[in-house]
Amino acid sequence: MIRLFVRQMLMLLTSLMILTFITFGITRFFPQESLNHISSTSSQSNLLNEYIFYLEQIFNGNWGISQAHGTEVLDEFLTFFPATIELSVAALLFALIVGVPLGIFAAQNKNTWQDKFIVSTTLVGYSMPIFWWGMLLVLLFSLSWGLTPVASRLGFEYDILPVTGFMLIDTLLSDQPYAFEAFYDALHHLILPAIVLGTVPLAIFTRITRSSMIRVLRSDYIRTAKAKGLSQMRIIWVHALRNAMLPILTIVGLQISVLITGTLITETIFSWPGVGKWLLEAVHRRDYVTLHAGLLAIASIVVIINMLVEVLSFYANPKLRHKR
Amino acid sequence: MIYFTVLLASGCQYQKKTDVKENVLVYCSEGSPQTFNPQLSTSGTTFDASSRTLYNRLVEFRQGTTYIEPGLAESWQISSDGREYTFNLRKGVKLHQTEYFVPSRDFNADDVIFSFERQRDKTHPFHKVSNLSYNYFESMELTSLIQKIEKISEYQVKFYLSRAESPFLATLAMDFASILSEEYAAELLSEGAPEQLDLKPVGTGPFKLVRYQPDAYIRYRAHSDYWRGKEKLENLVFAITPDPSLRFARLVAGECDVMANPLPVHISSAHNFKYAKVLSSAGLNVSYLAMNMLKTPFNSLKVRLALNHAIDKKAIIKAVYKQTATTAKNPIPPNMWSYDDSIDDYPYAPDIARKLLEEAGFEDGFDMTIWTMSAQRAYNPNAKKMAELIQEDLKAIGVRVKIESYEYGTFLNKVRQGQHHSALMGWIGDNGDPDNFFTPLLSCGGTITGTNASNWCEPDFSRLIHLARSQTKLRKRVNHYREAQELFKYYSPWVPIAHATQHAIINPRVKNFHIIPAGGVHFSGVYLDKEFYRD
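Chains as they are written, first to last, in our numbering: chain C, 194 to 517; chain G, 977 to 1511.
Hints were generated in silico from the structure; no laboratory data involved.
Cβ coordinates follow ideal geometry from the N, Cα and C atoms, glycine included.
It cannot be assumed that every hint is accurate.
[Claimed, not checked] Below, computed lysine to aspartate or glutamate pairings styled on EDC-like, alpha-carbon distance capped at 20 Å:
#1 G:Lys1208 x C:Asp352
#2 G:Lys1067 x G:Glu1036
#3 G:Lys1176 x C:Asp352
#4 G:Lys1290 x G:Glu1364
[Claimed, not checked] Quick list of the computed label-pair ranges, beta carbon to beta carbon:
#5 G:Ser1200 x C:Ile497: 45 to 53 Å
#6 C:Leu336 x G:Lys1361: 27 to 35 Å
#7 C:Ile497 x G:Ser1109: 40 to 48 Å
#8 C:Asn253 x G:Arg1392: 44 to 52 Å
#9 G:Lys1361 x C:Pro322: 30 to 38 Å
#10 G:Gly1421 x C:Pro322: 56 to 64 Å
#11 G:Leu1255 x C:Ile497: 50 to 58 Å
#12 C:Leu505 x G:Glu1075: 39 to 47 Å
#13 C:Gln369 x G:Leu1165: 31 to 39 Å
#14 C:Val317 x G:Ala1295: 39 to 47 Å
[What the hints assert, rightly or not] A short list of chain G residues far from chain C (calculated; beta carbon distances all over 10 Å):
#15 Ile1054
#16 Arg1081
#17 Lys1124
#18 Ile1125
#19 Leu1175
#20 Lys1253
#21 Pro1416
#22 Glu1507
Work out the full structure, taking the sequences as your base and the hints as a guide.
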C-alpha cells in the first residue's frame, strides 16, 4: 500500500514537472512581454535558476496579472473554478445515476429489444457533438417549452454573495429572504448544462456497466447464488454490482479529462461562468497570462485527480489490495 | 434518475415568485468593461458600465438628445472672448458609499480638478496608474486646449483655454470627462493601491457598484442619495453575454429585459415573441457618396447634381439597410440640433439627371470609379451592395461605374491621400455637436488632414463653420449651421444617402428607456412595470 502510494506520488511529481517544463519553455522561448515577470525577472541568466524562480512564483501564487481585467489571475481562477466543479460533479452524478442502472437493466435483458435499443442509443450519445446537442436542448426545453432557463447559474434577480463559489451552497448560506427560492433556481439552472455535459460519460458508463455486468453474471458465484434461490434483485444489487463496479471507477477517472474538455463547450453554450468559458474568452482576447496560468492549473488538476482515482480503485479492488 | 425527473416535472412551475424580479432590471450586455474608469477607454461597452451608470459630468446630454444641460455644474459663465469657462458647482452632491469606501465630504472643486489633471498632467501621481492611455482626452486635443484649471472656491472652477472653442461644452459632456472622487483617490494612494480607483469605482452617478465578476455579471444598486433624486429602479444587473444569439434567446425567455446590439434578423423576428419589443431611433451618423472634386468630372456642379438626382436612395434603404435607416439630405442627422428640415432633397429623377449631364457636356456619360470598404460599419451594413445598386442607377443615365473594394484601414489611408475618384464614406458623431461633422468632413481644413473626402473647399462655407465654432450663443450657432447646410445643398459635394437607425430590443415591462444617439445605453430614469408579470 505504501509502496503504491510512493510510486503514485513520484509519478505525479514527474508529470507535474514535465508540465511545468512545457509551460516554462513556452514562456521562456516564445517570449511574451507580459509573461516576463514570472519567467525571467530574476537577474540570474542561468536557465536552471530561471526555472527555479519560475516554480517559486507559481507556488507563491504569483500567477501574473490578467491582461484583460488587471486582476490577479489566481484570484480569477479561484472565482471561476467552483462553478466548473459544480457543473462537472452534477454531470458526473447525472451520468452515474442514470448510466449505471441503465447498464444493469441492459445486462439483465441481454439481446432483447430493450437491450439493443439502449446499446444503439448510447452509441448515438457517445458520438454526438455536444455543441449541437446543447443547442437542441436549449431550443426545446428553454425556448419552446419554457421549462428551463436559457443560461448562467442563477437568475440575476437574486443577489447572492459568493462565499464558497458553489452556487448551491451559497444560496443556502445567504441571509436573503429568498434564499431557498434562489437555491431552487440555481438547481434549475444546473439541469440542462449537467445533462449536456453528462451525455458522453452517460453513454460510456452505460456501456461499461452493461459489459462488466454481463461478465459478472456469467461467473460461478452468481450461478451458485441463483441456485440457492436468491432473488434477482438481491443477486444484482448485493452480489454482482460490487464486482461489476470496479471497471466503472477506473473509467470515472478517465472521464475527468473528457469532462474538462466538455466544460469548454458546455460553459460557452450556457454562458456558465466557469474556467472553460474563462479560458475561451482569454483566447479571444489574446490574454496570454491568463491562458498560461489556466492551462497549467487545469492540467495539474487532471493529473492529480487521475492519480487519486487510481489509488482509490486500487483500494477498492480486493484482488490488488491483498496482493503481496 | 428520480432526482432529475422530479426536477423536470417541477419545471412546469418554473414561473418564479414575481416580487423579486419586479425590482431588478437585467441588461444583456455584449462584453466585459475594460475598466470602470471611463477616462481610460474609448469603448462603448466600458462607457455603458461606467460613465453612464456610475458617474456624472459637469454638463450632460439631455437623455436621448444631444442638447447640453447642467450636470454637476449648476451653471457656467463663458468670457466674452470664449476662452474662460467658469463653472458653478452643485452643492450637496453625495458620492457613493460602498463596502470599500465611505466618503467624508460632498462633491466639490477638488474632484473636478483631480479628474481633469489626472488626464492632463503627465506628472500627476495617477497619470500612469493602470497603464492605459487617455485616448479620448488626447484625440480631442484637450492637452493643448486646456491651459490651466483653477479652483476659485470650494464650488467654483475655472478652465482657461488656449483658443475659443464653442464645442468645448459638448466635449465636457462626453464620457471621458466623468468626475471621479479625489478623496477616494487620496485614500487609495496612501494605502498604496492606486490602481483600485479604476477597478472599484466611486462616483456621484445614479447607481453604485455592488459586485463585478468579469465575463459573468456586474451588479449595481440605486444610489440612495443621488442628487437628481433616487432612481425608481432599485437593482440593475449587466449580464455579460458576448454571443448575440444567446442574448436574444435570453431576452425572448424573459431572462433579460434589454439586449445590446441586436442583429437585423432579431429585429425582424422580434414581433413573434411576447417579451420582445423593438425600439428604434435615428442614429448620430451619416453615410454618403463622396465625389472627389479635384478630379474630373466631379469639378462640375451639374455632374454632381446629376448624380444626386440619379441615385434611388429609397431602394438602397430597402435593399442594403432592410428599412433600418432613413434617407439623408443633409450632412448631419435629423436628431442633431441645427438640422434644417426645410431643405428640399433632390428628387430621384433620371430624366433631370440626364438633362443635367447633357448641359454639362456629357451627352455620352462618363466613366467613374467607386471605392468601398469591405468591413461592415454601423452607418453602412454592406457598402459593396450599395455600390452595386448605385452602379445600376447610374447606368440608366449613361454613367459607367467600376467598383473597387478595399480593407477598412487601407481604404481610409488611400482616401485620406486623395487617391479615390469617388468613395462610399460614413461618419459617426461622438459628442453631439454639429461641428463634429462639419469641420472634419466639409471644411477647407479637412482637405489638408484628409477627412474631407470630396476635397470640397468653399471659403464661404468654411467661414460659416469657423464663425459657428467660435460663437457661444446657441441661437447664433444654429443660424450659421443652417446657412451652411443650404450652401452644402447648393454645391452638393456628396450624395448624402442614409442615416442608419439604431435599434434596441427590450422587454415590454421596461418603461422610459431611450436609445442614446451616439450609441450605448443608460438606465437613469428607466423603471419597470410591476404589474407586467402578475397577469
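Going through the hints against the structure:
1. Distance check on the hinted pair: Lys1208 of chain G and Asp352 of chain C sit about 18 Å apart at the alpha-carbon level, within 20 Å; holds.
2. With a C-alpha separation of about 17 Å, the suggested pairing of Lys1067 of chain G with Glu1036 of chain G holds against the 20 Å cut-off.
3. Between Lys1176 of chain G and Asp352 of chain C the alpha-carbon distance is near 18 Å, which keeps this suggested pair within the 20 Å criterion.
4. Distance restraint check for Lys1290 of chain G and Glu1364 of chain G: the Cα-Cα separation of roughly 15 Å lies within the 20 Å cut-off, and the hinted pair is therefore satisfied.
5. The supplied range of 45 to 53 Å is met by Ser1200 of chain G and Ile497 of chain C, whose beta-carbon atoms lie about 48 Å from each other.
6. A beta carbon spacing of about 32 Å between Leu336 of chain C and Lys1361 of chain G agrees with the range 27 to 35 Å that was offered as a hint.
7. Checked against the hint of 40 to 48 Å, the C-beta distance between Ile497 of chain C and Ser1109 of chain G comes to roughly 42 Å, which is consistent with it.
8. Judged by the Cβ atoms, the range 44 to 52 Å given for Asn253 of chain C and Arg1392 of chain G holds: they are separated by roughly 51 Å.
9. Judged by the Cβ atoms, the range 30 to 38 Å given for Lys1361 of chain G and Pro322 of chain C holds: they are separated by roughly 34 Å.
10. With their beta carbons about 57 Å apart, Gly1421 of chain G and Pro322 of chain C fall inside the hinted range of 56 to 64 Å.
11. The hinted window of 50 to 58 Å between Leu1255 of chain G and Ile497 of chain C holds, with their beta carbons roughly 52 Å apart.
12. Here the CB-CB span from Leu505 of chain C to Glu1075 of chain G is close to 42 Å, well matched to the stated 39 to 47 Å.
13. Distance hint for Gln369 of chain C and Leu1165 of chain G: a CB-CB separation of about 36 Å, consistent with the stated range 31 to 39 Å.
14. A hinted range of 39 to 47 Å holds for the C-beta pair Val317 of chain C and Ala1295 of chain G, which are about 44 Å apart.
15. The beta carbon of Ile1054 of chain G sits about 39 Å from the closest Cβ of chain C, which is more than 10 Å, so the claim that it is off the interface holds.
16. Non-interface status of Arg1081 of chain G relative to chain C is upheld: no Cβ of that chain comes within 10 Å, the nearest being about 28 Å off.
17. Interface exclusion of Lys1124 of chain G from chain C stands, the closest Cβ pair being 32 Å apart, more than 10 Å.
18. The claim that Ile1125 of chain G is not at the interface with chain C holds, since no C-beta of that chain comes within 10 Å of its own (minimum 28 Å).
19. At roughly 6 Å, the least C-beta separation between Leu1175 of chain G and chain C is not larger than 10 Å, which violates its mark as non-interface.
20. Listed as a non-interface residue, Lys1253 of chain G keeps its Cβ farther than 10 Å from every Cβ of chain C; the least gap is roughly 18 Å.
21. With a least beta-carbon separation of about 31 Å from chain C, Pro1416 of chain G lies farther than 10 Å from that chain, consistent with its non-interface assignment.
22. Its beta-carbon lying about 17 Å from the closest one in chain C, Glu1507 of chain G satisfies the requirement of being farther than 10 Å from that chain.
In summary, the one numbered hint that this structure violates is 19.
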